[in-house]
Amino acid sequence: NAGVMQNPRHLVRRRGQEARLRCSPMKGHSHVYWYRQLPEEGLKFMVYLQKENIIDESGMPKERFSAEFPKEGPSILRIQQVVRGDSAAYFCASSPLYRSTDTQYFGPGTRLTVL
Amino acid sequence: KNEVEQSPQNLTAQEGEFITINCSYSVGISALHWLQQHPGGGIVSLFMLSSGKKKHGRLIATINIQEKHSSLHITASHPRDSAVYICAVVETSGSRLTFGEGTQLTVNP
Numbered sequence: 001n002a003g004v005m006q007n008p009r010h011l012v013r014r015r016g017q018e019a020r021l022r023c024s025p026m027k028g029h030s031h032v033y034w035y036r037q038l039p040e041e042g043l044k045f046m047v048y049l050q051k052e053n054i055i056d057e058s059g060m061p062k063e064r065f066s067a068e069f070p071k072e073g074p075s076i077l078r079i080q081q082v083v084r085g086d087s088a089a090y091f092c093a094s095s096p097l098y099r100s101t102d103t104q105y106f107g108p109g110t111r112l113t114v115l
Numbered sequence: 116k117n118e119v120e121q122s123p124q125n126l127t128a129q130e131g132e133f134i135t136i137n138c139s140y141s142v143g144i145s146a147l148h149w150l151q152q153h154p155g156g157g158i159v160s161l162f163m164l165s166s167g168k169k170k171h172g173r174l175i176a177t178i179n180i181q182e183k184h185s186s187l188h189i190t191a192s193h194p195r196d197s198a199v200y201i202c203a204v205v206e207t208s209g210s211r212l213t214f215g216e217g218t219q220l221t222v223n224p
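Residue numbers (this note's numbering), protein chains in the order written: chain A, 1 to 115; chain B, 116 to 224.
Quick caveat, the hints were computed from the structure, so don't treat them as lab data.
Be aware that one or more of the hints could be misleading.
[Stated by the list, open to error] Cut-off 27 Å, straight-line C-alpha distance, at most; resulting in silico cross-link-like pairs (DSSO-like, lysine-lysine):
hint	chain 1	residue 1	chain 2	residue 2
1	A	Lys44	A	Lys62
2	A	Lys27	B	Lys183
3	A	Lys27	A	Lys62
4	A	Lys51	A	Lys62
5	B	Lys183	A	Lys44
6	A	Lys27	A	Lys44
Given these sequences and hints, build the entire structure.
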């Protein structure tokens, strides 16, 4: 059973371009969480999704950021018109069910660098 | 003030020492997680606690719900334990993880 997969592992974009980060949860997991880790800072929650539904997006910046988890395929975190402040490591995690006592399994992260 | 506070921020130990990392939180929670982030950046979930104590190998995690405090202990520490250890809570009001700032542990041979 493969773990959580994220791609690309490293992504370089110029200011104003779009960044698309992909997350494939563990097999059988229908809950996906996205977190951001800015340089020298702790992890911060961004969004929680179930298949085809956004459950909690209270951590997402209001503009330029969006997330989806379609019925088929990976979850996508999309950042439009990237700025230097978007440079960070973006982690996704998955769990099989939503219960607060469920372990979340983390992917290896995507390191976004904005030039 | 952060909702989740960890101490110490940095910890250096000699191989074999007993290590304790503390986590205090100020909100009502349904669960607390301890995570390990390796130097390469990958994150591994070590424990999930809602009460009591759990042990896995040389790692022990405890939680006191009344005092809103958790500790992570490492017995017989080893250089391969060097990593950032992160405490995270699930608030009773929601589904998201709220993270502490992490404790950078360095174990010297």
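Hints, verified against the model:
{"no.": "1", "hint": "A:Lys44 <-> A:Lys62", "verdict": "holds (15 Å)"}
{"no.": "2", "hint": "A:Lys27 <-> B:Lys183", "verdict": "violated (34 Å)"}
{"no.": "3", "hint": "A:Lys27 <-> A:Lys62", "verdict": "violated (31 Å)"}
{"no.": "4", "hint": "A:Lys51 <-> A:Lys62", "verdict": "holds (22 Å)"}
{"no.": "5", "hint": "B:Lys183 <-> A:Lys44", "verdict": "holds (21 Å)"}
{"no.": "6", "hint": "A:Lys27 <-> A:Lys44", "verdict": "holds (25 Å)"}
Violated hints for the displayed structure, listed by number in ascending order: 2, 3.
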